[in-house]
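Undergrad: Residues per chain, in single letters:
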Amino acid sequence: MKKLRGNPVISSLLMVSPLATVLLIFLVLPIALIVIVSFWRATEFSIIPAFEFDNYAFLFGSPVTYTVFFNTFKYALITWACTLVIGFTVAYYLAFHIRTLTWQIALFLLCTIPFWTSNIIRMISWIPFLGRNGIANSTLKSWGVIDEPIEWLLFSDFAVILAFVHLYTLFMVVPIFNTMMRIDKSLIEAARDAGANGAQILWNVIIPLTKPGIMIGTIFVVTLVMGDFITVRFMSGSQSANVGRLISNDIALLQYPSASATAIVLLLTVLITIAILLRFVDIRKEL
Amino acid sequence: MSNQDLELVSVTKRYGATVAVDAINYCFKSDSYTCLLGPSGCGKSSTLRMIAGHESVSDGSIVLDGRDVSHLPPAQRGTAMMFQNYALFPHLSVLDNVAFSLKMKGVDTAKRHAEAREMLELVDLTDLAARLPDQLSGGQQQRVALARALITRPQVLLLDEPLSALDPFLRIRMRGELRKLQKELGISFIHVTHGQDEALALADDIIVMNNAVIEQAGPARDVFNAPQTQFVAQFMGGHNVVALPDGHFAIRTDAVSISAPTDGAVEGNVTAIEYQGTHVSLSAMITGDQEILALIPDSTFFANPHTPGDRIGLHWDSKDQHKLTA
Numbered sequence: 001m002k003k004l005r006g007n008p009v010i011s012s013l014l015m016v017s018p019l020a021t022v023l024l025i026f027l028v029l030p031i032a033l034i035v036i037v038s039f040w041r042a043t044e045f046s047i048i049p050a051f052e053f054d055n056y057a058f059l060f061g062s063p064v065t066y067t068v069f070f071n072t073f074k075y076a077l078i079t080w081a082c083t084l085v086i087g088f089t090v091a092y093y094l095a096f097h098i099r100t101l102t103w104q105i106a107l108f109l110l111c112t113i114p115f116w117t118s119n120i121i122r123m124i125s126w127i128p129f130l131g132r133n134g135i136a137n138s139t140l141k142s143w144g145v146i147d148e149p150i151e152w153l154l155f156s157d158f159a160v161i162l163a164f165v166h167l168y169t170l171f172m173v174v175p176i177f178n179t180m181m182r183i184d185k186s187l188i189e190a191a192r193d194a195g196a197n198g199a200q201i202l203w204n205v206i207i208p209l210t211k212p213g214i215m216i217g218t219i220f221v222v223t224l225v226m227g228d229f230i231t232v233r234f235m236s237g238s239q240s241a242n243v244g245r246l247i248s249n250d251i252a253l254l255q256y257p258s259a260s261a262t263a264i265v266l267l268l269t270v271l272i273t274i275a276i277l278l279r280f281v282d283i284r285k286e287l
Numbered sequence: 001m002s003n004q005d006l007e008l009v010s011v012t013k014r015y016g017a018t019v020a021v022d023a024i025n026y027c028f029k030s031d032s033y034t035c036l037l038g039p040s041g042c043g044k045s046s047t048l049r050m051i052a053g054h055e056s057v058s059d060g061s062i063v064l065d066g067r068d069v070s071h072l073p074p075a076q077r078g079t080a081m082m083f084q085n086y087a088l089f090p091h092l093s094v095l096d097n098v099a100f101s102l103k104m105k106g107v108d109t110a111k112r113h114a115e116a117r118e119m120l121e122l123v124d125l126t127d128l129a130a131r132l133p134d135q136l137s138g139g140q141q142q143r144v145a146l147a148r149a150l151i152t153r154p155q156v157l158l159l160d161e162p163l164s165a166l167d168p169f170l171r172i173r174m175r176g177e178l179r180k181l182q183k184e185l186g187i188s189f190i191h192v193t194h195g196q197d198e199a200l201a202l203a204d205d206i207i208v209m210n211n212a213v214i215e216q217a218g219p220a221r222d223v224f225n226a227p228q229t230q231f232v233a234q235f236m237g238g239h240n241v242v243a244l245p246d247g248h249f250a251i252r253t254d255a256v257s258i259s260a261p262t263d264g265a266v267e268g269n270v271t272a273i274e275y276q277g278t279h280v281s282l283s284a285m286i287t288g289d290q291e292i293l294a295l296i297p298d299s300t301f302f303a304n305p306h307t308p309g310d311r312i313g314l315h316w317d318s319k320d321q322h323k324l325t326a
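One line per chain: the protein sequences are S and W, in this order.
The letter at position 122 of the first sequence is residue 122 when you use the working numbering, and the numbering goes up by one with no holes.
The letter at position 227 of the second sequence is residue 227 when you use the working numbering, and the numbering goes up by one with no holes.
Fair warning: there could be bad hints in the mix.
The calculated lysine-lysine pairs, modelled on DSSO-like cross-linking and capped at a C-alpha distance of 27 Å, are [unchecked claim]:
no., chain 1, residue 1, chain 2, residue 2
1, S, 211, W, 105
2, S, 185, S, 211
3, W, 103, S, 185
4, W, 105, S, 185
5, W, 183, W, 29
6, S, 211, W, 319
7, S, 74, S, 185
One side only, chain W facing chain S, incomplete, derived with CB under 10 Å [to be verified]:
no., residue
8, 54
9, 81
10, 100
11, 145
Now the stretches of chain S that chain W is said to cover, found in silico as 3 or more residues with beta-carbon under 8 Å [stated by the list, open to error]:
no., segment
12, 184-198
13, 202-209
Please keep in mind that the hints were generated in silico from the structure rather than gathered at the bench.
In this text, a Cβ means the ideal position worked out from N, Cα and C, and glycines have one as well.
Let's have the full structure, built from the sequences with the hints guiding it.
TA: Here is the structure:
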């Protein structure tokens, strides 16, 4: 035993083994399983282990797939743009306009309060607000802004994106705020000393230095939105679909091989998207 | 008084109830190297930052070149500041760091790069123009910061503890370069430091600050040679502060000589002897439990050496005895 411990190779292997085991069981194994199942054959009433590309052929042959993937990207892109603008503004305000650390922390915690309830509850709470006879419509009507209730407030792409932005803006705020707090305040002074005005400081100093934070936030938001299915289902009233819903429908119909194939394609799409994003910004400094 | 002078007119800085700078008046000579010297928290940095425009003036005014600049933004004052940790933009190359203020003015790329190259030549960094600040040594970073400040063609360059981040060897070399640069450019440098040796080595004029006020200001030699207050004498070092019947006096340690007990002005017991190479530092206790330090050339000392416990006489010329007002 003593000899075993003395061996540097074995002791380092022992040290990595707990994490490696966890990753193996909870990450590698399930993915491997999905990959295997995605090649199986399925009929209406049975699933047969096999190795064939029928599921993929069907997936890539169906026009629905392309619409759904397009929808997924559309949600991701619009949500990303909205969360970026809101998240950056909030983080900027917290980091550069709030002067004392106590207030910064207090206001930051305030931002996290919505996270004390579950995603689904926060999502559903929009329904009475946005509905045909909901608070939004009746208020607008009482102000005389509209005569007829606005139909597209709920069960529409608008509602889906609104819910996404509501759910995921904090994932943008946190990394951007974190990066901004690390910016040396004397850099701002140096920029002002060189004659930069507020907008120039923002564009030439703060945004370039915040890029890693923006990128981490972007990865959070994009992966969360691309993998979501419940928000799309609730907020679109089952009228829109993204890839997540495609998979969940397949699962509901017990079409596991087809669901697996879709999941693998989605996984690869997300990985490629992140790989492209990482080419633009080096986030290693932040980690 | 020429128009180019920078003048502080009862400049005051208050943070809530605390007064950081208390109504100081001073007129900086043009084309001179001035050091603001004092212990930390004495208000020297606040003064510099008020001149730069990074701190608002609570009261009083700052006049540069005949204009009251107290409420102008930093870039419109004709000053440029070099920050303590240099504050180089980490995402920009050396060249772009230097060209930053020109970019802010909207100068086109080719022109601002040409001008930045000229500045880099001045500080001898042409070869490193494409590097990022992280890839430079401390001394090189400092020279980039200098070039970046000088490209705005300031009338006054403000330096906030510029040498404190460097190692001692580099510090001595860089202070030589700073001094040379000031002479070459013919503009005023105002340099904040807490090191008296740095101030003496660099400055034409020294302003010693303590507790938010100027204790003494004047040519470096006068400030060192003839301190007016006990604080200045102790802070500048090299002085004995002695309480004599008609008040407190400062006497330079190298102006004190020793003799036989009965021949001196005062008698004392040797308490410690320290060999310092060119000099020997001898401490003696005189009446009234006052310690006096005498710096004696080593040849003189070893011609007639003493050991702790010896009774000796100490004396000095009356012209070396400076009366302290406080």
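Undergrad: If a hint holds in the structure, say so; if it does not, say that too.
TA: Cross-check of the supplied hints:
no., hint, verdict
1, 211(S) / 105(W), "holds (24 Å)"
2, 185(S) / 211(S), "holds (17 Å)"
3, 103(W) / 185(S), "holds (21 Å)"
4, 105(W) / 185(S), "holds (22 Å)"
5, 183(W) / 29(W), "holds (14 Å)"
6, 211(S) / 319(W), "violated (66 Å)"
7, 74(S) / 185(S), "violated (37 Å)"
8, 54, "holds (5 Å)"
9, 81, "holds (5 Å)"
10, 100, "holds (5 Å)"
11, 145, "holds (8 Å)"
12, 184-198, "holds (count 12)"
13, 202-209, "holds (count 4)"
Comparing the model with each numbered hint stated earlier shows that hints 6, 7 do not hold.
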